[in-house]
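Participant: Chains E and X are the protein sequences, given in the same order.
In terms of numbering that gives the first Met the number 0, the first sequence has 27 at position 28, counting the first letter as 1, and numbering is strictly consecutive.
In terms of numbering that gives the first Met the number 0, the second sequence has 89 at position 90, counting the first letter as 1, and numbering is strictly consecutive.
Source of the hints: derived by calculation from the structure; they are not laboratory data.
One copy or two, it doesn't matter: identical chains are merged, so the pair holds either way.
Once the Cα atoms are required to be at most 30 angstroms apart in a straight line, the calculated DSS-like pairs of lysine-lysine come out as:
no., residue 1, residue 2
1, K283, K295
2, K256, K185
3, K116, K256
4, K175, K86
5, K158, K86
6, K256, K291
7, K185, K283
8, K14, K175
9, K162, K86
10, K163, K185
11, K256, K158
12, K295, K256
13, K185, K14
14, K90, K185
15, K14, K283
16, K116, K158
Please read all numbers here as calculations on a predicted model, not as lab measurements.
Okay, here's what each chain looks like letter by letter:
2 protein chains.
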Amino acid sequence: MSLLVTGSIAVDTVKTPFGVSENCLGGSAVYFSMAASFFSPVRLIGVIGSDCPFDLAQVFAGRSVDLAGLEIRKNSKTFRWAGTYHKDINKRTTDKLELNVLAEEPPKVPRSYRDSKFIFLANTAPALQLQLLEQIDNPSFVAADTMDCWIQGHLDDLKRLLKKIDCLIINEDEAKMLAAEHNLIKAADAILDIGPSVVVVKKGESGSIICSADERFVLPAFPAAEVKDPTGAGDSFAGALLGYLAQVGRTDFESLKQAIAYGTVVASFTIADFSLAGLTSINKDDIDGRFKTLRKLTQF
Amino acid sequence: MSLLVTGSIAVDTVKTPFGVSENCLGGSAVYFSMAASFFSPVRLIGVIGSDCPFDLAQVFAGRSVDLAGLEIRKNSKTFRWAGTYHKDINKRTTDKLELNVLAEEPPKVPRSYRDSKFIFLANTAPALQLQLLEQIDNPSFVAADTMDCWIQGHLDDLKRLLKKIDCLIINEDEAKMLAAEHNLIKAADAILDIGPSVVVVKKGESGSIICSADERFVLPAFPAAEVKDPTGAGDSFAGALLGYLAQVGRTDFESLKQAIAYGTVVASFTIADFSLAGLTSINKDDIDGRFKTLRKLTQF
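If we strip away everything but chain E, and leave its shape as in the complex, we get (with noise of 0.2 angstroms):
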């Protein structure tokens, strides 16, 4: 089935113990893409300036990445971040922040992309997101992903969107924080109580964990000694999260499982690299294998 995602498209500087890599290509919508691609389909609405370095019809060349929803804006400078990675490589200072085109008007829906079915709105406003979802026919399985500064600064507008997707996908400190609640479980709990009928909770290097009304599944991390940089991470989780959803085409609990399962297993090879090269190195049959792995060393 039809997926869809909206969301950043950057040029990162990225600094980790294990290297610098300056002025590379980045943003949520990026990193979705191209792991939700080795399962489904994928159109991506975005949108960067002339300024952009990069080509994403050439970097997403042999991939199934729709760029009917890519806007590129003469007069608008691409969005920009640069982040430092610690020693302990779950802890980073962002260094710059430019918004740039991110600040402007968003971009449109296009009107090929209204039927679509899966939608992934990455983290932004949730009026934006709320605005882009509403440009959508008739969805079956909206995940939207958020962050601490819309918790603290538009709280309304978030709820106002919980109330309207089916899957939030969120780090850990932001479900607490949205929910007040220091117990995960409960936290989780608290916000299928907003909305959502999925909570899935993003914990990093310690795993994830899905939460609906009657059912809960707890998955680790896949137990990487290779991290050179942890960005995409979350993103990638995310793709192929919603891509092997969008392929199987259902959203059970049992399909969940495994789409955490392979997102967990994407996320792994993304943080394995720098910048894409984690997931540009790579095949579905690396996925696969990867996966039966992520099996045998989980099942008791």
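Fit chain X to the given chain E structure using the hints.
Facilitator: Chain X in isolation, oriented as in the chain E frame:
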């Protein structure tokens, strides 16, 4: 097979966001024995002062815990610990630490315990752990715990210990500290290089991991909505783990996987109530029931 534990017996005062438990029974050997006794008879070695307000024979009544190795010193005082857990229940502050009898000569291993096959050396000075281990004739499987102060201050002793044991059971931060390595998988591999054939890393609410030279296994924590008092979680985990291994009399990797799943389950009961109440209120059927639930929550 016979299971022996050496560790502390404590009078604890614990404050958590959910209440206060003053002068309650605690200590690594106590939590370990209570947890292990669901699976296997336990031989306890520990020492208390004449001020100890608890009758351990009464505490363990009806459980197969041999107290021949319990020493009560007339002119000594029992170890006392007081701590406060924060709203984020993973963080705690030690309010008071009175070593008392633990700062004296350690207890001896009774002659009747010398043929013990499964051994757990709870956290204490590694020189004392070695001294206790030397009194066992021919152990089959020796596991030990340690903590930051021994890694920082007694590393040579600790390395001598690691060459004599089969399994180190250690917290995540301490594993990274011991190996001087931020990546947990690399840290575990580095510890294996020092001596033990198995490393079990406890990650608190993020679960646990087993690493041997050629196999790994990762398991999330039980997703618990009720956490009242995390004291004793690690020792209960170790108790059920070693108790299960002693019960089945095997230490192959498949048995280790089952063992940490039982450890995870029993620890989840420990933290649901203060002091030992989470363990004294359950039976083996409760454990087996939650073991099945844990499998359902983690298998895909």
